[in-house]
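So the sequences go chain by chain: A and B.
With the first letter of the first sequence counted as 1, position 149 gets the number 149 in the numbering used here; the numbers rise by one all the way through.
With the first letter of the second sequence counted as 1, position 32 gets the number 32 in the numbering used here; the numbers rise by one all the way through.
In short, the hints are calculated from the structure, not lab data.
The beta-carbon is built from N, C-alpha and C at its ideal position, and this holds for glycine as well.
Among these hints, one or two may not hold up.
Stated by the list, open to error - Simulated restraints, written as ranges between beta carbons of each label pair: (1) A:168 <-> B:9: 46 to 52 Å; (2) A:22 <-> B:24: 21 to 27 Å; (3) B:9 <-> A:73: 42 to 48 Å; (4) A:20 <-> B:10: 43 to 49 Å; (5) B:19 <-> A:186: 35 to 41 Å; (6) B:10 <-> A:115: 46 to 52 Å.
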Amino acid sequence: MSLVVFTALVGVMIAPGHLHPVIGFTALLCIAVGAGAAGVLNMWYDADIDAVMRRTSARPIPQGRIAPGEALAFGIVLAAFAVGVLGLLVSWLAAALLAFTIFFYVAVYTAWLKRWTPQNIVIGGAAGAFPPIIGWVATTGSISLEPCLLFLIIFCWTPPHFWSLSLVRADDYARARVPMLPVVAGPEETRRQILLYSIGLVPIGAAPWLFGYAHTIYGVTAFLAGALMVAFAWRVRCEREGSALSVPRTISSLSQSSICSSSSRCCWSRVA
Amino acid sequence: MEERPKRIILTDEQKRRRRARSIAIALALGALAVLFYVVTLVKGPAVLNRPL
């Protein structure tokens with residue numbers, strides 16, 4: 001949620017033109033509520049999976065604190081209000097993108113890809129990458145290349161981030177019959193894919209500077225953060241069962257550094 | 001003798017939860033009204049202009 005709001009804020013701030021703070025706040029509020037709605041609908045659909053996974057078994061529906069029907073109604077109402085208010089007060093194009101994002105997360109990722117293919121979070125990661133585009137559109141009313149580069153950064157960052165988490169929780173995913181990469185292809189292949197994606201992310205993270213949209217400070221920061229992420233991914237690739245105690249710590253560091261690098265990449269300063 | 005229809009009797013816990021839900025909905029609707037009011041002030045006559 002915090003990453004969604006932060007990247008949407010970046011989309012609002014780097015966009016050319018002026019957006020009144022109240023309208024900007026409204027846009028971020030609607031995007032946050034929309035993300036919350038998508039989360040509710042995800043928990044409604046995945047209640048059976050959540051119940052058998054340690055990480056998610058304490059969620060309200062598996063615990064019986066909220067009835068599934070009530071969660072479904074709550075999620076639909078939240079989504080409708082988020083899209084409707086964004087359209088009425090900010091921009092209907094931004095609202096349409098928010099509606100598509102919620103649909104993509106719930107119908108395409110949650111209901112279709114998640115239980116079907118190990119590429120689930122590769123394709124499904126698009127849902128989490130849309131907020132900067134929505135923020136940009138809320139300000140400008142149109143789409144251009146700059147927010148699409150931000151989309152690309154988050155889209156390519158999502159798989160190594162989630163694969164590092166799923167490495168630690170592979171037994172959970174196997175018990176829930178979710179075909180995450182460590183379950184289907186094994187931890188070795190997952191570690192290799194994490195490293196490959198992390199290497200590929202370095203030029204993508206620096207793309208805004210390479211395309212001339214961002215200051216050199218941004219380019220240097222992006223390269224340093226990308227190198228840090230590759231270094232952590234390399235440790236995850238190399239460390240084995242013999243040093244099992246340090247592996248989860250390294251993976252945790254990889255996740256944290258990847259979030260930081262993603263965030264820092266988003267903070268660009270426009271070339272005057 | 002005609003049997004009276006059974007009514008649902010809420011427990012104290014259910015009544016407490018219903019009250020909490022009602023307050024949450026009232027606060028959300030109030031916040032929405034304030035948001036629309038403030039945005040109308042900010043946009044002025046342009047509030048009716050809603051381009052794509």
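### Message
To test your reading of the hints: which numbers does this structure violate?
### Response
Of the numbered hints given earlier, those the structure breaks are 3, 5, 6, listed in rising order.
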